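Chemist: With the sequences and hints as input, model every part of the structure.
Protein chains in written order, with the numbering used here: chain D, 1 to 147; chain C, 1 to 147; chain A, 1 to 81; chain G, 1 to 81.
Calculated from the structure, these hints are not laboratory results. Since the model is a prediction, treat every value here as computed from it, not as a measurement. There's no promise every hint is true.
With a straight-line Cα cutoff of 30 Å, these simulated DSS-like cross-link-like pairs (lysine-lysine) come out [stated by the list, open to error]:
#1 D/Lys102 / D/Lys128
#2 C/Lys128 / D/Lys137
#3 C/Lys102 / C/Lys137
#4 D/Lys102 / C/Lys102
#5 D/Lys102 / C/Lys137
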Amino acid sequence: MHISVQREAFDLGAVSDDFARGHTDMGAIVTFTGIVRDLPDDPLQAMEIEHYPGMTETALRGMAEQAIARFSLGDALVIHRHGVLAPGEMIMMVATAARHRKDAFEAAEFLMDYLKSRAPFWKREITKSGSEWVASKDEDEDALARW
Amino acid sequence: MHISVQREAFDLGAVSDDFARGHTDMGAIVTFTGIVRDLPDDPLQAMEIEHYPGMTETALRGMAEQAIARFSLGDALVIHRHGVLAPGEMIMMVATAARHRKDAFEAAEFLMDYLKSRAPFWKREITKSGSEWVASKDEDEDALARW
Amino acid sequence: MDILYFAWVRERIGVPREQIETSAATVMDLVAELRAREERYALAFSELASLRVAVDQELSDFDAPLVNVREVAFFPPMTGG
Amino acid sequence: MDILYFAWVRERIGVPREQIETSAATVMDLVAELRAREERYALAFSELASLRVAVDQELSDFDAPLVNVREVAFFPPMTGG
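Modeler: Written out as structure tokens, the structure is:
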């Protein structure tokens, strides 16, 4: 299991390679990567991510442990950045390794759904017209209902 | 769109980096990688993959086009190897880029489900006790029903 | 007890954390105490439905007891990922 | 017409492809013709439920017509991914 809450950028390629390596008994690897999206109407200058040091790591570790147990994973990874990010930068990624593809996919979606609404991160969008905290979405809360 | 049917190994890290780069309007990238799994009871010496040159590329391209239209993808990638592979080697990967995570995940699962049962590949497992064509699974056929 | 604030709750209160003496029995009691302090607290805690609370770094409910608790954090719904 | 065989169908028939003269109107007619040829064909085509067919490189049905068709391929259910 690999959990990291960090300010620095991560290297998707290197992380994916490291994660996939050495899992000869796991046939399926899924990765999800979140990228700071540019806003079409009001161009985004930056995305600032605040978090709750101490609780964040514990929460992510707990989610990964749950995913590993529930979907019989061989391994799980969560990286989430905080601080100021530019459009196009990678915010976070998860990776899952399972024997079968269904488990690998479901575990990655489970991790993402929990991460969205249960890990203590808060995003603020900074545009020319000012800065605004991103509102939580009902659909993100609803997404938890299926697990 | 990137479609490749190839004998050579591919570099998951480099492919993931290339794919993720330059999609500033797409917030979600999903990759799936299939790895030759070792058999617990009868150790696998190799996995041989036969395909139907000409039809394979057309079928994969058609699936990727369907996925792009259906899930509003910004991009899709499919790489599938053929020939003789050792345990631990990567067989194939798909990648999807979408605005939202739900579409990226569903499109990757859609591609995998179609690839499993509708792309002209056939696997043969070679063990000490001989070689055997991998039987298709009812669950793989059933997986198509949801799309 | 350490009280922490994040995101717009932090901005409304004006500090990221503070230490307070309290005998509040539950999170709800603590919220009532804070609300009574000053306008900026009343404003930050005006709509509990849009707030979340963590007790000793675990997501919790507003009726959670505060026995032997060292740290309580208030913040908006999370928006990670 | 080019007839292609893959995986265990290829192994049972003994060749990966062959060219044949046929006036078969449908895939099913072609299968009947092939079955009548030799034991190895009869064996390969003994269980149609475990066979798939592509007509001009598109997955097809056994009742598909063979008008202006250049290539027909027979193979077991696919096992990619």
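Chemist: Take the hints in turn and mark each one as holding or not.
Modeler: Structure-based check of all given hints:
no.	hint	result
1	D/Lys102 / D/Lys128	violated (43 Å)
2	C/Lys128 / D/Lys137	violated (55 Å)
3	C/Lys102 / C/Lys137	holds (26 Å)
4	D/Lys102 / C/Lys102	holds (15 Å)
5	D/Lys102 / C/Lys137	holds (14 Å)
Checked against the numbered hints given earlier, this structure breaks hints 1, 2; the rest are met.
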